[in-house]
Amino acid sequence: MTETVDEFRTRARAWLKDNMPPAIFDPWDRRAEGRRDVERALQRKLWDGGFAGICFPAEYGGLGLPVEYQHAFTEESAPYDMPYGINLPTLSILAATLVDFGSHEQKVRHLPAILRGEELWVQLLSEPSGGSDLAGCLTRADRDGDVFVLNGSKIWSSGAAESDYGLCLVRTNWDVPKHRGLTMFILKIHQPGVKVEQIRQVDGSMEFCQEFFDDVHVPVTDVVGEIDDGWTVATRLLTHEREAVGGGSKYTSGRFVGHDADSGDNTLVQMMRGLGLERDAVARQLIGEAHARQFVSQALVQRISRGVATGKAPPTSGAILKLFAATNQMRTIEIGVELAGQAAAAWPVAEPKTAEQQLSEMSLWRQGLSLGGGSNEMQRNIVSERVLGMPREYAADREVPYREVKRTGG
Amino acid sequence: MTETVDEFRTRARAWLKDNMPPAIFDPWDRRAEGRRDVERALQRKLWDGGFAGICFPAEYGGLGLPVEYQHAFTEESAPYDMPYGINLPTLSILAATLVDFGSHEQKVRHLPAILRGEELWVQLLSEPSGGSDLAGCLTRADRDGDVFVLNGSKIWSSGAAESDYGLCLVRTNWDVPKHRGLTMFILKIHQPGVKVEQIRQVDGSMEFCQEFFDDVHVPVTDVVGEIDDGWTVATRLLTHEREAVGGGSKYTSGRFVGHDADSGDNTLVQMMRGLGLERDAVARQLIGEAHARQFVSQALVQRISRGVATGKAPPTSGAILKLFAATNQMRTIEIGVELAGQAAAAWPVAEPKTAEQQLSEMSLWRQGLSLGGGSNEMQRNIVSERVLGMPREYAADREVPYREVKRTGG
Amino acid sequence: SMLVSEADGGGSFSRHGILDAVLVAEEMGAAVAPGPLVPTNVVAATISRHGTDGQKAAWLPGLLSGELIGAWVAGDGAIVEAGAQADVFLVTGADGAQRIVAAADATVAPLGGLDLVRRFARVDVPVGVGESIGGDGERELLIAVTLQCAETCGVIQRIFDMTLEYMGDRYSFGRPISSYQALKHRMADNKMYVEASHAVTSAAARAVADEAADVAVQVSAAKSYIGALATEMIQDCVQLHGGIGVTWEHDLHLYLRRATVNRATYGTPAAHRDRIATALVGAA
Amino acid sequence: SMLVSEADGGGSFSRHGILDAVLVAEEMGAAVAPGPLVPTNVVAATISRHGTDGQKAAWLPGLLSGELIGAWVAGDGAIVEAGAQADVFLVTGADGAQRIVAAADATVAPLGGLDLVRRFARVDVPVGVGESIGGDGERELLIAVTLQCAETCGVIQRIFDMTLEYMGDRYSFGRPISSYQALKHRMADNKMYVEASHAVTSAAARAVADEAADVAVQVSAAKSYIGALATEMIQDCVQLHGGIGVTWEHDLHLYLRRATVNRATYGTPAAHRDRIATALVGAA
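Protein sequences, first through last, are from chains W, Z, G and Y. First residue of the first sequence? That's 87 in my numbering, and the numbers climb one at a time after it. First residue of the second sequence? That's 87 in my numbering, and the numbers climb one at a time after it. First residue of the third sequence? That's 4 in my numbering, and the numbers climb one at a time after it. First residue of the fourth sequence? That's 4 in my numbering, and the numbers climb one at a time after it.
Please note: incorrect hints may appear among the correct ones.
Stated by the list, open to error - If you only want the chain W side, here are some residues facing chain Z, beta carbon under 10 Å, derived: (1) 187; (2) 360; (3) 364; (4) 368; (5) 370; (6) 371.
What the hints contain is simulated information worked out from the structure, not anything from laboratory work. As the structure is a prediction and not an experimental result, all values here were calculated from the model. Glycine is no exception: its CB is placed at the ideal position from the N, C-alpha and C atoms.
Bound conformation, chain W alone:
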């Protein structure tokens, strides 16, 4: 007999209480050093307790349950620390894409390991020359018998240095238009020929990496989907990414999805109290707006997720969520800077950092969510063209063999 959602919820509540450590209130602590190992251990706990991969197929280590069970678990998990960082990108983007396009052997080899916290994954799509034009990639793979030989470079991969595998999009055919000459590979990060460099961000953090490939050998069995049809896989991966970053993935477990998804709402309240602005009419307008936006954000995730699940909204509607999440982050941090006033400029050096300092430093990185995971501009293209059906933008590289296309610096 199947367990109902309510029964599942009750059992989860008890298990969480006995097994998981308390939640980390401060979102910045979730970017601390050593956090990745903590999360691997937390994910292992979920696995051991039988709560890992609630919506993943049972055949590959998941529970195979409908999304309502995941929502119940996420609600119950709110008071506890969870492997938020494994949600995104490993579970909700990479593992999700493997579920859709991986071969049976690939799924058996990787999905259970992922759900045990043993494999962290990363997407290897963007390139230094490419920006939003992911299909315009120049990293190449040349076939040599049963292996492909990779050369080139990828960038903006989140936490690649501490990850184990990646899905890597490369060009395998230069004589066809750009979308038709790409192949998606499973790529082991730590192997000869792969060099990973961390990129320092404006706030001093090191979340992103650039990878350099020098004659890296990849077996043909690590091709995901068909050879030269990697764009189909990448498109699905991007759909999963939009849903995940927007907060609508069924594969995430726990409330915080995406970095800084809290949007600093709590930080704002904390700061307002710290600055004694509780009765300042203008500050009250700002905090009221920020808090209202949090409700809108949650409601929108529910509406769009349900719409996509029931087929009322096209799958590309995830772009609406991503766009809202990113623009909401822009606005919330702007509200924070405005609230902080003079305190945004300078602060007493203290540990832990004051809310003003956190906000002010976060403002440097405000566009992060608007750039990563498909820029706001790309989301607006998707919404207008694929959700609303407006005419496609003119692309100068359509139907032209890729070797003839104009590129940056070319």
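Since the structure of chain W is provided, determine the placement of chains Z, G and Y on it from the hints.
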């Protein structure tokens, strides 16, 4: 010996005091019925006093003085009622274009009459099917000996019903790309074959008109510029329009240029007092912003006008002024609606109207300035392409005989 | 009315009347229908919830059949929707005490207003007249704002659809204007606004139906998000329509009038943001 | 310093020192230069205008040569630019009374801050120390804000130019990104913002130079317009740069830090809007 600016100013101050009636504070009164006749009389007074057309060529009835004299006169005229409505479009757009492209005979015939207040002019460019695409006009003129025969329709002409002449852009050649088959005509409004219908706007006012042409005969001598080269004339006309609407024309006399150019700043202060919001912190932020924008607006007009005059900025920079004026009006009226609060919804029926009622009704018409005189979108095209030199937008109708181009409803 | 219990002669298509009323409100918004949506619902709901048998018998049948019109006089009564048309007033005092007052016992002065079909009046109710009734104006406000937000959702959905269609039909420079990226991006934003508005309104309606603990904040979140966004989005659609958008003949202004009135009444967005602040950091 | 009279050893390229100082400030902004632009100018200007011969002799030569650094302690001294580097403080009390205080007589605690090269400190000045000097802090504020706005103009002009160039070089989907209309329209808006910022700053500087009757409102207009617009515009340029825009290696963040600090100090945009409101409708 030439009179200095200061001497001119002193003489103007005395003359204004003795001759001109006091200024009309309320910008809405300037749209009252009968206002046009009042303005014709005011313009005639300026002429009789020797202060009409300060920057117009002396040969055609103007004073032929540099712009500093006009600025001085405008400053001195602030306390007095002036023929603001004749500034725009008659003086600063239509007469300005005649100065640039009219034949000697055309100038002699019309410019002095305009400066005496005897001729009000209107631009006849937009068409019902055309929107921003002014060169895509369908009104046609077919040559028959010494005359052209006009058929078609123009729209969005400001006050055409009460005007005397128009500059009318029509297609004279259908076998060349669209910009190369147009001709600009001087068109008498009140003549057989011309029907003028007023358009009722959202606020109930009747500023704009649509004209219908049915076999209207126009002599070849009324062609302005060259036959089939009307786009050159139209381009200059549009440059004058942008400058004028943005507030940077040397041909306007008196402070209020363009409709509602006051932007409701005084109305906002009046409303704030009326609603007792002087000490409301949020209201104070709003009025502070609105007032700051007024200063920015004035300073920008000065900067850009000087830049264009000295050649430091391209003439197309007028688009920046137009865009600022229009977006500033949007924001100022939005501030007004926010300030009005509940009072924007309903009000005691009273004469004169309360500031809240004025603001609320004005908000219906908020986009007027953003649409008329070249939409904000066209100004952004001009700024990006012609001021900043970014690549031109793809136009599907370039280099194609106009009869083959796709059109609305086609 | 859907907010009146079945025992009192009301009824609803689903368990929660408010969820059905929200659907009706959206339809009214899409059609800029004149009817007194909020007032009659609020008055009937309060009588059904708190009224004596006598009060119910006196007013509910008429309100339900549409023969009688109710209006809600909150605060100083300076702007009361349907005030001049109403047969009965629900009066909420500054202290939250509520009364049912027959229209004949109040002084009513019709007002001019922005909405051409939905009218307002100033209503002065003498001290002491009318019969006391339960409730304190809070649930009344929640219902009013929720319905109002739903109506505005209907308005902006309709305007959005109308504009999208227009942009496909209209050619400029040989291309449909829907092919211009700058305009496409604005429509993408507008789509997001419409979806977000629907979403937060549905959430608020569910919170009202469930009498959720944070219902006040949820409803205020809806109003403070939608209030000025709706008018701004309609203005953008006016802009996308070009000159025709500011003519009397085109329906756009009817929707703009309705959205502006909805923004301004039952608490401005600013007032609702302040309510949220009160929940977060205490009263000002 | 250009704000010190020639008799006191200062000097200026034009009649009005402030107009030249504005040009220097723009250059400093364009280069995100570290120097204490505002504090030394404010302190030197006040000593030149109001100081005794003794005060001038003690401080001006050092301030003019750059050997000494001045800092301005206004209000509670919680955030004083160059406070830890200063040799001398101009202290303006809550009542407007001003004093010249040697650094050794004050307690200075360096602060952390967003700008990597321009530092702030908390400065506590004991009651009664230092020598009285004229002025009431108002002209000091006008000079500080004008120079700060000019510096921010330099910042956004540089960022704008940098972004425009980048957009021409960068290809996406086989086209330079400068060819995308949605981005072109944003750059058109950014151009308007840059021009408007220059314009209102120049006007404010002229008003300071001429001691115009409405100088306070003009200077506050500049700050309230430019303050948040500058940071928003830079963020848009970060966005237009793509991922590279949020890396440490790219200079963009240095400019963003400077603009954010300039926005937050010498009165926030909100504080300056309130000053304008005071001029229009009286104090709050």
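> Looking back at the numbered hints, which does the structure fail to meet, lowest number first?
Replying inline: Violated: hints 1, 2 and 3.
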